[in-house]
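Colleague: The lines below spell out each chain.
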Amino acid sequence: SQKIEQNSEALNIQEGKTATLTCNYTNYSPAYLQWYRQDPGRGPVFLLLIRENEKEKRKERLKVTFDTTLKQSLFHITASQPADSATYLCALREYGNKLVFGAGTILRVKS
Amino acid sequence: DSGVTQTPKHLITATGQRVTLRCSPRSGDLSVYWYQQSLDQGLQFLIQYYNGEERAKGNILERFSAQQFPDLHSELNLSSLELGDSALYFCASSAGSGKNEAFFGQGTRLTVV
Numbered sequence: 007s008q009k010i011e012q013n014s015e016a017l018n019i020q021e022g023k024t025a026t027l028t029c030n031y032t033n034y035s036p037a038y039l040q041w042y043r044q045d046p047g048r049g050p051v052f053l054l055l056i057r058e059n060e061k062e063k064r065k066e067r068l069k070v071t072f073d074t075t076l077k078q079s080l081f082h083i084t085a086s087q088p089a090d091s092a093t094y095l096c097a098l099r100e101y102g103n104k105l106v107f108g109a110g111t112i113l114r115v116k117s
Numbered sequence: 010d011s012g013v014t015q016t017p018k019h020l021i022t023a024t025g026q027r028v029t030l031r032c033s034p035r036s037g038d039l040s041v042y043w044y045q046q047s048l049d050q051g052l053q054f055l056i057q058y059y060n061g062e063e064r065a066k067g068n069i070l071e072r073f074s075a076q077q078f079p080d081l082h083s084e085l086n087l088s089s090l091e092l093g094d095s096a097l098y099f100c101a102s103s104a105g106s107g108k109n110e111a112f113f114g115q116g117t118r119l120t121v122v
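Line by line, the protein sequences are chains A and B.
Throughout, our numbering is defined as the position within the first sequence, counted from one, plus 6.
Throughout, our numbering is defined as the position within the second sequence, counted from one, plus 9.
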């Protein structure tokens with residue numbers, strides 16, 4: 007079945023820097039990949055969707071890349087702020103439309 | 010506000026009991042998904058319904074069942090509860106069954122004592 011790997015260790019960065027989070031996957035060739043943000047005790051919130059024919063997608067300070075050869079997506083937050091501190095999840099659809107999530111990477115932005 | 014409503018927000022019950030969690034999807038969304046998230050764990054996919062029919066199934070325990078009703082709301086039934094079933098249960102909805110992003114409710118926190 008599909009396996010999704012995200013950095014298990016928290017990422018600590020200084021305010022104003024760019025945060026880069028990684029999502030690697032195996033055993034599948036997804037047509038698209040999604041990124042979500044989750045705050046403690048809250049439901050995940052959709053951020054961005056990138057399709058296999060899109061190398062890069064941007065939304066305000068967010069940028070996502072999708073390399074289907076490497077089976078990897080990178081999620082960047084530029085000019086990071088303490089309010090960006092959260093857990094970031096990547097998600098893929100398995101065959102049969104099951105939407106599966108990685109375990110997430112905790113981002114901590116310090117002022 | 011995602012537009013997805015889950016009730017109740019909190020539930021405390023004893024081992025061996027049965028509970029029902031309810032989810033109302035966003036207006037117009039046909040797909041409903043259920044996820045379990047234990048403390049410090051990732052989101053575990055349980056089951057998906059599309060327009061009343063089961064569409065995909067994860068590692069859902071036999072003690073758990075779900076359904077989606079004609080008005081598209083969904084219920085997740087958990088029976089013979091064990092301490093290990095304590096978790097956040099999320100419902101999400103999407104417009105279609107395939108490519109669309111999912112919108113999550115605020116979750117039901119279940120505590121089994």
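The set of hints was computed from the structure by calculation and includes no laboratory data.
Be aware that a few hints might be false.
[To be verified] Below, computed lysine-lysine pairings styled on DSBU-like, alpha-carbon distance capped at 35 Å:
no. : chain 1 : residue 1 : chain 2 : residue 2
1   : A       : K65       : B       : K18
2   : A       : K23       : B       : K66
3   : A       : K77       : A       : K116
Colleague: What's the verdict on K65 (chain A) and K18 (chain B), does the C-alpha distance respect the 35 Å limit or exceed it?
Modeller: Between K65 (chain A) and K18 (chain B) the Cα gap is close to 32 Å, so the pair holds against 35 Å.
Colleague: Check whether the Cα positions of K23 (chain A) and K66 (chain B) lie no farther apart than 35 Å.
Modeller: Violated. K23 (chain A) to K66 (chain B) sits at ~41 Å, over the 35 Å cutoff.
Colleague: Between K77 (chain A) and K116 (chain A), does the CA-CA distance stay at or below 35 Å?
Modeller: holds (31 Å)
Violated hints amount to a single one, hint 2; each of the other numbered hints is respected by the structure.
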